[in-house]
Amino acid sequence: MIWLKKGALVRLAGGFAVLWSATFLAFDPALKWSLKRAGRAAAGAKVDITSVKSKWLRGTLEVKGLAVADKNSPMKNVVEAARLGFALDVGAALRGKAVVREAAVEGLRFGTARAVSGALPHPPPPSKLERALEEQLASSAAAALGGAPDVRANAAATIDAAKLAGLKKLDEVKAKAKEIEDRWKGKQAEAQDIAKQARQAADDLKSLGGGGNLLTKAQKAEETRKKLKDLVARVDAQRAQAKKDLAEIQDLYKQADELRSKDVNGLLSAAGMPTLDSQDLSRRLLGAPAAARLSTALHWMRWAREKAAARRKSAASSFPARPARRKGLDIEFPRAHAYPRFLLENAKLAGSLDQALMGRDLAVSGVLSGVTSNPSLYGKPATLALSGASSSGESATLTGELDQQNDPVGIDVKFEGAGFSLAGASVGDDEIGGTLSGGQAKAAGELRSDGDEWRGDVSVEASGVTLEPKVKMSGIAGEAVREALKSIDKLSVRIGISGKESDLKLSFSSNLGGVLAEAMKKAFAGQFAARRKAVETQISGLYEQKLKDARGATDGLSSKILGPLDLQKSVLDKQLQDTLKKSLGGALNLNGLFK
Amino acid sequence: MSPLRLFKDVLLALHGGGEPRHLAAGFALGAALGLVPKGNLCAAAFFLLFFLLNVDKGMAFLSAGVFTGLGYAFDSVAHKLGLTLLRAEALRGLWTALYDLPIIPLTRFNNTVVLGNLILGLLLYAPLYFGFLKALSYYDARVRARVEAMPLIKALKGFDLFENYKRWLA
Chain P
-16 MIWLKKGALV RLAGGFAVLW SATFLAFDPA LKWSLKRAGR AAAGAKVDIT SVKSKWLRGT
44 LEVKGLAVAD KNSPMKNVVE AARLGFALDV GAALRGKAVV REAAVEGLRF GTARAVSGAL
104 PHPPPPSKLE RALEEQLASS AAAALGGAPD VRANAAATID AAKLAGLKKL DEVKAKAKEI
164 EDRWKGKQAE AQDIAKQARQ AADDLKSLGG GGNLLTKAQK AEETRKKLKD LVARVDAQRA
224 QAKKDLAEIQ DLYKQADELR SKDVNGLLSA AGMPTLDSQD LSRRLLGAPA AARLSTALHW
284 MRWAREKAAA RRKSAASSFP ARPARRKGLD IEFPRAHAYP RFLLENAKLA GSLDQALMGR
344 DLAVSGVLSG VTSNPSLYGK PATLALSGAS SSGESATLTG ELDQQNDPVG IDVKFEGAGF
404 SLAGASVGDD EIGGTLSGGQ AKAAGELRSD GDEWRGDVSV EASGVTLEPK VKMSGIAGEA
464 VREALKSIDK LSVRIGISGK ESDLKLSFSS NLGGVLAEAM KKAFAGQFAA RRKAVETQIS
524 GLYEQKLKDA RGATDGLSSK ILGPLDLQKS VLDKQLQDTL KKSLGGALNL NGLFK
Chain H
560 MSPLRLFKDV LLALHGGGEP RHLAAGFALG AALGLVPKGN LCAAAFFLLF FLLNVDKGMA
620 FLSAGVFTGL GYAFDSVAHK LGLTLLRAEA LRGLWTALYD LPIIPLTRFN NTVVLGNLIL
680 GLLLYAPLYF GFLKALSYYD ARVRARVEAM PLIKALKGFD LFENYKRWLA
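Quick mapping for you: the protein sequence lines, in order, are chains P and H.
Under this note's numbering, the first sequence has 46 at position 63, and the numbering climbs by one with no breaks.
Under this note's numbering, the second sequence has 677 at position 118, and the numbering climbs by one with no breaks.
Chain H on its own, in the form it takes in the complex:
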């Protein structure tokens, strides 16, 4: 999947071709993948979910890219959250059982930053999903018309190039 194709997917979706809920789900799922450090089974599982679920992949990858950068800012919070959960006496039995299973430890759930970010990603899923839906409806209602009326966009529309671009999008 090329980055150009992903960009095209996002543009198509934003220009009315995509289902808003797919876009929002892609955004929220991408955020979860972006936050979790890579190189473990947990990140791979999120990656596979993009293919498995009916979410907008373009938006999902775009969001993953943005949230990978934001992950650095959440690092300290994620570490503290992960450490608190991993040190919690009440959860010790659960972690010990999971740690002893095959495959599961490869998710690196026992790493403070991985667990912290995974929890953050899951906690943020619903707010990001509904927040994105709301932002999208706001964009459609208030911003979209103004953006399309911008001289630059109009000028772009005047070019043959834009027609070609529209054909390419279609």
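Chain P with its partners taken away, still in its complex shape:
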């Protein structure tokens, strides 16, 4: 039987032709579809691409009309690019690698309006980070002012001790103290063992005083010294743990104190009385727009960090997680100095910030480099630098660094800008707020994430501000708020972010909140003061009792745990010094040596 058919080669050529034409016709649409799909998964919103054109022999890829919708504002794009051009290394492409030596992104624009909504029909659920941001802002929405104009001065706040978060925290302090004390009681055996070994070392030390072989004594002194050093290290480790435990208790006290003022505000708010807290007011006036921008920035930072961490883990792990069905896992076998499977070496960016700057044009340019599928092999961080300045005084700089080769992967974004007009920007909500009709602002900030730990600080300073108030409140309160908002001629906002995603803290401070709180306090002078004081007194009474209980459980803890450890440490230190002296010959009888 002949396995190779007559004319098989002709048919093989036919097969090749079928395969080639299918690939040639389907490659660009398939790539466009894949890019859109990947973009949607990353953005959590629609991604539009007008066309994708690849030229295999030249090794170029051109993407036109890219628009990535903002999941938080679906009628806006986070970013839009008129053209993206990539020059691929053909040699690397033949090895199945996408190495982009040079790229150009032209016509970059941020925050542009969309004709149709960019929301997905089935949007992904909000991430832990987004939920944390929402929770941080939701509480202040109504709490700051409550139903201030309508509420009667004799409105009563019902205090339910079981619902007070601060009291619960004090219970936690007490429980923690007991847990720590019990744990340290369990460690008594170890302490006794250390004491026993220390006594043994002391006996050994004494025996060195008599006559005998000098070398043996020196060896014994060295052994004792090593033993004592080990014991000191054990005691030091215990002391460090003890200090950590005690610090944890102090931290809980601090949290309880913060929760106490939140409890007061919560009770006042529940009774319809305004808290008039400047932080809450700042959050209410500036929280929503700030959170939308912050949420978008943090989403993309988190996405970049998680992608890099996953790639790093997959490349480094010997037992990677099970991949998706039929997808498998690509394992690289690079020689030294080989390229990773994907590398964007250098991309030149050019665009404008017209929409982000209330229509004023600011050309920006920059470089994106080091984006790779194998961070460990590449060994360098991915960086982004974008800057621009205009003749009319506006300037903006943004730098980003993705520490993709580190564990945990970190991402750091710094930005700075000056000369921005605030005309047209609005603050607050329907009930209380306003529109800025003038003012120039400068902004600076840094956001950093290491693993799921976030920290950052953003500040905006504006001068020459004119605020047109929009206040629905009536009566004295409404008038006071209106006057306070009108009086504002400069603006300073500071937003801090810290903590893990599961316990994210967002701090807000602004002169706007302070000015408003003062005005409101004057307007309501005497009206709510008595009620507020009454609530505070009641809460204080409950707190004092609990605090006394908690203090009773924790006060002696430091001396109970740290006292014996400190004593043990000083004894061991002294013994160690003695041993050192003896090993140097201080207490040894060296007379015979020079006979």
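Note that these hints are calculated values from the structure, not bench results.
The structure presented is a predicted model; accordingly, all values stated were derived computationally and were not measured.
In this text, a Cβ means the ideal position worked out from N, Cα and C, and glycines have one as well.
One or more of the hints may lead you astray.
Claimed, not checked - Some but not every residue of chain H turned toward chain P, in silico, with C-beta under 8 Å:
# : residue
1 : A603
2 : F606
3 : F610
4 : G641
5 : W654
6 : T655
7 : I662
8 : N670
9 : V673
Unchecked claim - Covered by chain P, according to a simulated footprint, are these stretches of chain H (three or more residues, beta-carbon under 8 Å):
#  : region
10 : 621 to 634
11 : 642 to 652
What the hints assert, rightly or not - Simulated pairs of lysine-lysine, DSSO-like, Cα-Cα distance not exceeding 27 Å:
#  : chain 1 : residue 1 : chain 2 : residue 2
12 : H       : K597      : P       : K19
13 : H       : K597      : P       : K36
14 : P       : K38       : H       : K597
15 : P       : K296      : P       : K47
16 : P       : K310      : H       : K597
Following the hints, complete the assembly by docking chain H onto the known chain P.
Relative to chain P, chain H alone:
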């Protein structure tokens, strides 16, 4: 090549017009293509083998279709097999050499599922080939006569349509 033509090829082959070994080879080769994930040079190479080798293409494509579905069931085994081979220290030199060659990485041999399924396809080639031959001879000896004696088949044979169908097959 239309699906109808493929179906006709398979029917013709099963009704005594085809060489059993071509059918069996087509079945085994189709299974290998079916198991390997598509979209890489490895699958394209298998596809071209259909044209190059004297195998029954109809059976090969039918088998590829069936085994593409079965590939999902073999996914976990294939991944583990591929991972074991790709992580094997003894083979590291081979993979590194292959990875550094032009064209070869386009087969995606370094993907756990591709390599695992390729190995599974090659390992299953001989059992599937001989198994299919045996099944075919069993069908000819025991089942075929009974199938042709079935009232439905007889009824079909009574129709002019069947004559037309036979002419079409020829």
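Status of each hint after checking the structure:
Using the Cβ-Cβ criterion of 8 Å, the hint placing A603/H at the interface with chain P is satisfied: the shortest such distance is roughly 6 Å. Because the closest C-beta pair between F606/H and chain P is about 7 Å apart, less than 8 Å, the hint holds. Of the supplied interface hints, the one on F610/H holds, with its beta-carbon coming within about 4 Å of a beta-carbon of chain P, less than 8 Å. Interface restraint check for G641/H: the shortest CB-CB distance to chain P comes to about 7 Å, inside 8 Å, so the restraint holds.
Because the beta carbon of W654/H sits about 5 Å from the nearest beta carbon in chain P, less than 8 Å, this interface hint is met. A hinted interface residue such as T655/H counts as satisfied when its beta carbon comes closer than 8 Å to some beta carbon of chain P; here the least separation is about 4 Å, so the hint holds. Annotation: interface hint on I662/H holds; nearest CB of chain P at approximately 6 Å, less than 8 Å. This hint holds: N670/H has a C-beta 4 Å from the nearest C-beta of chain P, less than the 8 Å allowed.
At about 6 Å, the closest approach between the beta carbon of V673/H and any beta carbon in chain P falls short of 8 Å, and the interface hint on this residue holds. Interface restraint, the region 621 to 634 of chain H with chain P: holds (3 residues with C-beta to C-beta distance below 8 Å; minimum three). Interface restraint, the region 642 to 652 of chain H with chain P: holds (4 residues with C-beta to C-beta distance below 8 Å; minimum three). For the hint linking K597/H to K19/P, the alpha-carbon distance of about 21 Å falls within 27 Å, and the restraint holds.
Simply put, K597/H and K36/P have alpha-carbon atoms about 23 Å apart, close enough for the 27 Å limit, and the pair holds. Of the pairs offered as hints, the one joining K38/P and K597/H holds, with about 23 Å between alpha carbons and a cut-off of 27 Å not exceeded. A C-alpha spacing of about 33 Å is found between K296/P and K47/P, which places the hinted pair above 27 Å, so the restraint is violated. The hinted pair formed by K310/P and K597/H meets the criterion: a straight-line CA distance of about 10 Å does not exceed 27 Å.
This entry does not satisfy hint 15, going by the numbered hints stated previously; all others are met.
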